[in-house]
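Colleague: Combine the two chains into a complex, taking the hints into account.
Same order as they appear, the protein sequences are chains F and X. Quick note on numbering: the first sequence equals residues 1 to 188 in this note's numbering. Quick note on numbering: the second sequence equals residues 1001 to 1459 in this note's numbering.
No lab work stands behind these hints, which were simulated from the structure alone. One thing to keep in mind: the hints can contain errors.
Unchecked claim - Not everything, but these chain X residues come out facing chain F in the computed CB check (under 10 Å):
{"hint": "1", "residue": "G1035"}
{"hint": "2", "residue": "P1036"}
{"hint": "3", "residue": "G1068"}
Quick caveat, the model's predicted, so the values are computed rather than measured. Glycine included, every Cβ here is placed at the ideal spot set by N, Cα and C.
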Amino acid sequence: MRWTALYVRSRQVPASLAAAVVSAAAVWALSGGGSADPRLPALVLVAGTAAGSIGLGGQDLALDRTAAIRWAPRRAAHTLLIGAVAAAVLLAVQATGEEAATAAFVVRDSAGLAGLAAAGAVLFGAQHAWTLPVAWPAFALFTPPGTGVPAQVATWMMQPPGTAAATWTAVVLAGGGMAAYTLAGPRR
Amino acid sequence: MNTRVLRTELKRSVAPWAGAVTLLGGLAFLYSLSGPWWKGPELWTAQWTSMAMWTRSMLVFLWPLAVGLGALQGLRDHRSKMPELLTSTPRPAWQRAATLSGSTALTLTSGFGLFVLVGAVQVSFSAEYQHLGWLPVSLVAGLALVAGAVLGMGVGRALPFALTPPALAVAALFVTAVLRMTLDTVPPSSSLPIPVALLSPAVEGVRQVLLTFSASVHVGQTLWLLGMAATGFALLAAATPKARTLALTPLLSGAAVALLVLPAAPRETYVVDEDAAARVCDGRVCVTKAHEGELAYLAGPGEKALRLLRESLGAGAPAAIRETTALNSPLEPAERSRTHVIVDFADEAVSGARGEELTRVLVGLGLAPTCSSRTWGSSGTDAEAAAQSVAAGWVFGDLRPIDGTMHSAAYQMKKARPAWKKLKALPRAEQHSRIKAMRAAALSCEAQPLEALTGGGSR
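For reference, chain X alone in the conformation it holds in the complex (with noise of 0.2 Å):
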């Protein structure tokens, strides 16, 4: 295909509308909304996984409108009545089927790719954790448009009515708003069955920043796209009817080792990408990869808080600091330990604080950590934030209450000041134990900390 040809093309169809609608409409999307994709930890510029699966959720109403897009396209001979004019030609149909779908597969990629370069650009500038493993995430997203739009072409040639393009997109509509996973179970799943939802070429956003998809998923989409386009291509070459029919072989063969390929259980579909979760340490504090750039503030108020907190609790106290790798299930208690202080970097109380500041917040985290299950961008309870601040005080000898978290500093220290009474009234020996108590109640989080500190202690 010479570059005449394909500037005429370009010239005298839809493929430069396909490629702005594909471009303006996602930045459309994420920049005049405020959703989940702008706050914390998950913000799509925020790291490389983040900004490939928050610019590939756009494909739940792009693909839909680049296959509507597709389909007018693949009427326009029809609507120029020339085709008896092209069966005359001796040119093989073919070649006049790549020209066309040439065209639009490279508007549709350029403009998808601008929207990532959009992306990119930033998270490059604020990510310090530089990987590739994203990539295969935009390039089936990629793979997804174009196949979207060949298969619209090849139904358009096939049906060639005006009816076509708009009851395509909005069958492609309601195929992508019916296979959506849901977020709020951990991992993410469907109420279809696993692989069925996984045909749909949007994903939903993101909830965790260590999880990204296994390479069955990649693989299992790269086929049954593959087959989608290749059957838009040879509906768009085909001539007679029986060619026609041998052509849907190739989206039903796609489909059929697509299912085989999808992993079937949630747990195969998303998992933590052990690149990302690798252990950076500074001293005794450590943070996943992903979050290496948190250690600079981290590390200082990190050795501060476990010498604090050695000298409070003794041979009992955490010696190290690191970062939750867990899958933070709302169902599920949050990740504790009796060796470290976990942190949790949605927690705006950690991310939001510095310096005496962040001490406090790890002091308060070593002493009662939160066991409370974390549902999106949450601290813990009021009655875990309170027991973390008297915790604090407790060490630093006033009380304050815990900044960030989602309970206001009134009401964190209505419930904090009369258990911080009480517990400044006792000896200084059986203060000692009380928050011993805490810990023990917070650690096997079936007990209320407040609770163990103030009366449980004398269970």
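Excised from the complex, chain F in its bound form (with noise of 0.2 Å):
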């Protein structure tokens, strides 16, 4: 208990949870309780997501890898857990209102996003890994609507739940960062 304490506060993640909590209830303020615009929640777990991202690494990582304990599941379930709270962190607050996004629909985003979040903090250190989970969705929270497999892979955060080329290409992103993420860590 003591050790998941100290990991919790060395990571940021009081502040990271606050930030998801107070953008999503900003977000779900400012639209009004909820649309069917699928481009909101995917805001949402964007924000979430990105706040969480910060805590991928520790303060000082050259002394975290000497410590004599796995790391690997630890990262594994610290990635799984940023995309659990940011889809959580969702729903709470959309319960309060109309629901706008359906569960299937939270789940493959804040898994894609989380593991976009992984890759960014194995590529660019956790500092800057937010950069990967803000940058598509922004590139594609504008793109005109396509019906092309191209198209559905580029904007799959907005696709509605079911499409096949979007929940792949969040299996493959959700996969493929936090195997990354587990097995090589923030970069330094």
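Modeller: Pasting the structure below:
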């Protein structure tokens, strides 16, 4: 328990959590309590995973690596938790109003975005990990709607649940990002 | 700032990344997707103003990234645990702030400048109408990127937490997403008050080639962005909490002044570019200056079509051809004229046809002008296309569909053939009066031209 508390503190989880809750509530309040637009829940999940991504590295990576503990399962759990918390915050906020996003949509997007954040941490370090899960949706938010597979892959987080190309993109991003982060850890 | 400091600064910051993201992000978006920027006369490499507008529309996602990357830059000193050391040096804080923001401003403007240059090179080869009226659009875009990044740096310095950059980037993304204007109305407008929507540095693409921003939009946005940059810079150089609070003044006053300067009505926001809409004529065929290049293929068939119309209609025939300069709203009928044949290069039946085919289209437009409102890049309704093909067929002596409309040849023929047979069965003088009735119906925009042609004439 003591280890968990220290880990949570060193990874700035309380601040991330607060940021995720505040941004979700702000988006929801400004959008007038939910609408059919898939971009709003996607934006909330982006905010949640971006806020969580700063904890993918500790204060001192060299010191972390000297610790005689198995990092791999902890890293995997951390990535999973980022996605789970982002999803939970969105579901909790939209429980107060009209339901805008289905559970399948939320699970797919949060898993994919968490994987993207993990990949960002491996490639650029935890401080810069948010660039990937923010840049891709930023690009996709303003893409004109298309029906081809490349368009579906590019805008996977905006597609209706059950779109095969979008689901597979999310699966690949979640699996790939998590595997890379679990094995390699954040870039120094 | 000497070049050695600048070089070191560029090596030790995310500034090169910011420039690269601006250049490659914009190019990737435009080239990897097929959107309205690849279609019709609003093509982003066809006209200078369109190019400036389309490249600036990329700010909708480039600007939030610039803000976020700027915040990362502002966090750098804190991350390397050196602010204490720096406060002990006698060098004024604003000089260090200038180095930091200068390097990012340099890479951002060069990145965006190169992006615009890619478009500019293509436009300079393809556009006949060369002008500099587009420059303010791109200059404000460059200023917006710099101001956003400097504000990000300032906030990053004032709130040195790892959470600041992602929070700022997502907030900026939300701002540009919410403040988007809609192109579905003419001129483009917004559900929010227009001055508030204009605070977003991004624009919404191009709906009509001749539309551009009015001067007050440029002035208001420049004031707002200068205030934003000033606040960012002041935050970057400020050392005390009091100075940080004072640093917010330029941002707030910039916003207040901008809201006063920015126009409140859509029609004052987007205006028809008078220079681009100036008339260029070859004989009786006139186009706008922006489409001067189209005159080469339009003039010959145009003169021929006018002669044919004169022969078949007599004194009431249109005397000239000109390009429409009206705002084409989806809610209002298209521009029509009794004395002119109105052409619109957004209509692919006109812009896609050449020679004899174009003469047919122009004769069709002269006898049965399109009155249905135009939505994005479309031609008239199927009934109008059929009426035009019958009208042109009557002059030329054989019925042929109009190519280039949204309606297939077979579909047009299905509608046109019964009317054509009815018309040809009538005596010549009666045919003549039916054609005139059809023209009157199309001009008034109240009756269906095909009905006027077949039965409505006996009303």
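Colleague: Look at each hint and say if it fits the structure.
Modeller: We went through each hint and held it up to the structure:
1. G1035: The hint holds - G1035 of chain X has a Cβ within 10 Å of chain F, the shortest such distance being about 4 Å.
2. P1036: holds (7 Å)
3. G1068: holds (7 Å)
Against the hints set out earlier in the document, no violation occurs for any number.
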